[in-house]
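Enquirer: Each chain is listed here by its residues.
There are 2 protein chains.
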Amino acid sequence: MIDEEILGQIVTAGTNRIALIVLDGVGDLPYGGKTPLEAARTPMLDSLAKKSALGMHIPVEPGIIPGSGPGHLGLFGYDPVANLIGRGVLEAVGIGMEVEDTDIAIRGNFCTAEEENGQLIIVDRRAGRIPTEKNAELVSILRENIQEIEGVQVIFNTVREHRFVVILRFPHPVTPAHALVTENDPQKTGEPELKIVPEASEAQKTAEIVHTLLTRIREVIGKEQPANYALLRGFSVKPVLTPFYKRYLVRALAIAAYPMYRGIAKLVGMDVAKERTDSIEDEINVLKKYMDSGRYDFFFVHIKKTDSYGEDGNFEKKVSVIEEFDTQLAKLFPVKDTVLCITGDHSTPCIMKSHSWHPVPLLIHSPYVLGSPESRFTERDCLRGELGIIRSRNIMLLLLAHAERLKKFGA
Amino acid sequence: MIDEEILGQIVTAGTNRIALIVLDGVGDLPYGGKTPLEAARTPMLDSLAKKSALGMHIPVEPGIIPGSGPGHLGLFGYDPVANLIGRGVLEAVGIGMEVEDTDIAIRGNFCTAEEENGQLIIVDRRAGRIPTEKNAELVSILRENIQEIEGVQVIFNTVREHRFVVILRFPHPVTPAHALVTENDPQKTGEPELKIVPEASEAQKTAEIVHTLLTRIREVIGKEQPANYALLRGFSVKPVLTPFYKRYLVRALAIAAYPMYRGIAKLVGMDVAKERTDSIEDEINVLKKYMDSGRYDFFFVHIKKTDSYGEDGNFEKKVSVIEEFDTQLAKLFPVKDTVLCITGDHSTPCIMKSHSWHPVPLLIHSPYVLGSPESRFTERDCLRGELGIIRSRNIMLLLLAHAERLKKFGA
Chain A
2 MIDEEILGQI VTAGTNRIAL IVLDGVGDLP YGGKTPLEAA RTPMLDSLAK
52 KSALGMHIPV EPGIIPGSGP GHLGLFGYDP VANLIGRGVL EAVGIGMEVE
102 DTDIAIRGNF CTAEEENGQL IIVDRRAGRI PTEKNAELVS ILRENIQEIE
152 GVQVIFNTVR EHRFVVILRF PHPVTPAHAL VTENDPQKTG EPELKIVPEA
202 SEAQKTAEIV HTLLTRIREV IGKEQPANYA LLRGFSVKPV LTPFYKRYLV
252 RALAIAAYPM YRGIAKLVGM DVAKERTDSI EDEINVLKKY MDSGRYDFFF
302 VHIKKTDSYG EDGNFEKKVS VIEEFDTQLA KLFPVKDTVL CITGDHSTPC
352 IMKSHSWHPV PLLIHSPYVL GSPESRFTER DCLRGELGII RSRNIMLLLL
402 AHAERLKKFG A
Chain B
2 MIDEEILGQI VTAGTNRIAL IVLDGVGDLP YGGKTPLEAA RTPMLDSLAK
52 KSALGMHIPV EPGIIPGSGP GHLGLFGYDP VANLIGRGVL EAVGIGMEVE
102 DTDIAIRGNF CTAEEENGQL IIVDRRAGRI PTEKNAELVS ILRENIQEIE
152 GVQVIFNTVR EHRFVVILRF PHPVTPAHAL VTENDPQKTG EPELKIVPEA
202 SEAQKTAEIV HTLLTRIREV IGKEQPANYA LLRGFSVKPV LTPFYKRYLV
252 RALAIAAYPM YRGIAKLVGM DVAKERTDSI EDEINVLKKY MDSGRYDFFF
302 VHIKKTDSYG EDGNFEKKVS VIEEFDTQLA KLFPVKDTVL CITGDHSTPC
352 IMKSHSWHPV PLLIHSPYVL GSPESRFTER DCLRGELGII RSRNIMLLLL
402 AHAERLKKFG A
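First to last, the sequence lines map onto chains A and B. Residue numbering for the first sequence follows the numbering used here, starting at 2 and increasing by one per position. Residue numbering for the second sequence follows the numbering used here, starting at 2 and increasing by one per position.
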């Protein structure tokens, strides 16, 4: 296993750049005989594949269905199992909140509770899935009334429907142990809420604050209907990740439309392009602009819609997003002194309408490849590729090697 | 991961032999459409490939560019990351010095220093790359004047140009902790030399001896020009490797022309053939002789020139070395009761003129294979082979299995 000590010995600065373009959930399975990549007309990807190294990558382990956190951490070269991003933190960065190293981030559900013999019985864990507008209203009331508890700042934010995020911002840095408290969600309706219990001595104060927070939430919205209380889950702190520029000696820029991916990129220390990107065309234009600027030498571009249409089970639309990407990709060329990698963070087969464990097609374009003259960028062709089937976390080192940014290991 | 405890349970003695022929740096990339292996006329390898298992191996991890140390340790079945050979030791064995378990081996540069306010300022870290003859002269003066410091024997040896090796031979065995001292090389010219500092309590005495050694070196050659001082780096001890015969129950012989590879073979406990081998023909002849003798049951044959021509970027010469090998290989046949493995320790693509991370073609000839009737021993054909893409450190167990030297694992 290549640890950070070894990385520190072999990673070196260089002049070649790397562009990692992630088609979220692009990997798929046949529907009517063909996968979306096979069905799509992709002249640009076809010609690129011939001059590239192809392969497949497995995000975590065979059979493991990755979430977006592990999927991207793997692509960025971090061990996605050892560096799990807590659910509270992921929810927070997913709506564009900044998570500091003094913060415990928590996922909240607005719920319906009834008092019974001094206990709060949870009668609807999602308060009938209240509309997002109602959620925003409640969050606004909570913000007005609860800003601080015992010196800890409390920051609420709406996600959608019944879901919200609350961040506890301590006056000092926190560790994972500070977040080790149990959840109050009984997971079943008709049951009393559970008590918040610390599971480490460092979490004692957290448990007290969460307890007070819940009491205050009940005081503030207890008279509302149907959402009159909250269930808190996924207590977590910002993961300790050696930043990208320190691990790889690259100045990295993320171009992503969705807050979740901008957030994950920030967690690993990338800059995030501020430009608004409503389409693939926008994203490729922004990439081109920054590639020309010379300010960055690593680019992470995240394209969401391949995943969205996979989740919808919409085969035709997934095909057309791939074709749209192919058209926009062509505009990027010629690219100079740049290793180009096109892949996904996981598969989202249309017939499954969900993330899956299937290996993901991988293309690395550089001068240092055997090449695949008879292949396209598809699942079946990539399976026969020169890169074999590797783990996602191996991709970063391959890209650095292709960009001549790795020194020899051992004499 | 198969550790030595499991190895001990499954490895068994046998009568079949194993010959591992390493064409250093043989793996390559296309130049004008073909790799050297694809361009070479290799009737012997072609016919062998049909009756062999083919595959590819990755020396360390995808993207990692292996030095000769990790490359060969992997081939010999040792974890090349956990068992890194220190630079001092590799430099020492590379010039044919014996490294004992009482030794700290150190790489030295002759350099030019100037005294300034009682400090030594390094004005040329390589003393203008003095010729090897001058180096030998200086080493001879140092040998005459410095043989021992506080009971520790001091052994100097020329490498070439400004580079030399010094071994500190203690009266007792040393551990890696004994070698944990900082280097005096400031890495920049115009800077004062750095102080040698112990980084472990066991290294206290080492630091004192190195300090004295540097003072003595300055006393002895301080009036020379331009090389009037030394920079010492790569302090290391012989790695603790369970010897080959103990791990694998084979009597192993190494046939290699270059000291580096003879040295690595010695580090894992192989015997080294004393015969002078100036050509591939010589090496194959020596192999044939020892195979007939029955004294050994494992042979490691190292052929250097594939790598040398790769490093030179000389495609035609690399092709012709492969063809020369093919011709000589034919003379080996018929071989009886021998599993023959032909591969490289890493790739050295001519277009890169350096070691690379690319997977290496692998051929295992034994009766127990699916066979590859339509394949040659080339990168692209091996990619489709029955062995898949494996790690180098898995090859040894495959060879033992093919040689019927492994028992069932578990009941």
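No lab work stands behind these hints: they were computed from the structure. What you are looking at is a predicted structure, and each value in this text was computed from that prediction instead of being measured. One should not assume that every hint holds.
Here are some, though not all, of the chain A residues that point toward chain B, as calculated from beta-carbon distances under 7 angstroms [said to hold, decoys possible]: (1) Leu371; (2) Gly389; (3) Leu398; (4) Lys409; (5) Ala412.
PhoX-like, lysine-lysine: derived pairs with alpha carbons at most 20 angstroms apart [unchecked claim]: (6) A:Lys337 x A:Lys51; (7) B:Lys135 x B:Lys224; (8) A:Lys247 x A:Lys289; (9) B:Lys135 x A:Lys409; (10) B:Lys408 x B:Lys247; (11) A:Lys408 x B:Lys354; (12) B:Lys337 x B:Lys290; (13) B:Lys289 x A:Lys52; (14) B:Lys275 x B:Lys318; (15) A:Lys51 x B:Lys35; (16) A:Lys306 x A:Lys337; (17) B:Lys224 x A:Lys409; (18) B:Lys224 x B:Lys247; (19) B:Lys289 x B:Lys275; (20) B:Lys267 x B:Lys224.
Some chain B residues judged to face chain A by a derived CB distance under 7 angstroms, without partners named [claimed, not checked]: (21) Leu8; (22) Glu62; (23) Gly68; (24) Ala83; (25) Arg88; (26) Ile210; (27) Phe334; (28) His356; (29) Glu380; (30) Ile391.
No residue lacks a Cβ here, since even glycine has one placed at the ideal position from N, Cα and C.
Enquirer: Can Ile391 of chain B be said to touch chain A, with a Cβ gap under 7 angstroms?
Expert: At 9 angstroms from the nearest chain A Cβ, Ile391 of chain B fails the 7 angstroms test, so the hint is violated.
Enquirer: Does the interface hint hold: is Ala83 of chain B within less than 7 angstroms of chain A, judged Cβ to Cβ?
Expert: 9 angstroms, violated
Enquirer: Can we keep the Gly389 of chain A interface hint, with Cβ of chain B closer than 7 angstroms?
Expert: Cβ of Gly389 of chain A sits 4 angstroms from chain B, so the hint holds.
Enquirer: Hint check: Lys306 of chain A vs Lys337 of chain A, CA-CA at most 20 angstroms. Holds or violated?
Expert: The hint is violated at about 28 angstroms.
Enquirer: Just to be careful: measuring from the Cβ of Glu62 of chain B to every Cβ in chain A, is the smallest value less than 7 angstroms?
Expert: 5 angstroms, holds
Enquirer: Let's test the interface hint: is any C-beta of chain A closer than 7 angstroms to that of Glu380 of chain B?
Expert: OK, holds: Glu380 of chain B within 7 angstroms of chain A, min 6 angstroms.
Enquirer: Using the nearest Cβ pair, does Ala412 of chain A come within less than 7 angstroms of chain B?
Expert: Cβ of Ala412 of chain A sits 5 angstroms from chain B, so the hint holds.
Enquirer: Is the Cα-Cα distance between Lys275 of chain B and Lys318 of chain B 20 angstroms or less?
Expert: Distance of about 28 angstroms is beyond 20 angstroms: violated.
Enquirer: Using Cβ atoms only, decide whether Phe334 of chain B comes closer than 7 angstroms to chain A, and label the hint accordingly.
Expert: 30 angstroms, violated
Enquirer: Does the structure keep Lys224 of chain B and Lys409 of chain A at a Cα separation of 20 angstroms or less?
Expert: 37 angstroms, violated
Enquirer: Given the hinted pair Lys247 of chain A and Lys289 of chain A, is their Cα-Cα distance within 20 angstroms?
Expert: Violated, at about 25 angstroms.
Enquirer: Given Arg88 of chain B as an interface hint, is the shortest Cβ-Cβ distance to chain A below 7 angstroms?
Expert: Result: holds, 5 angstroms to nearest chain A Cβ.
Going through the hint list in order, the structure does not satisfy hints 8, 9, 13, 14, 16, 17, 18, 20, 21, 24, 26, 27, 30.
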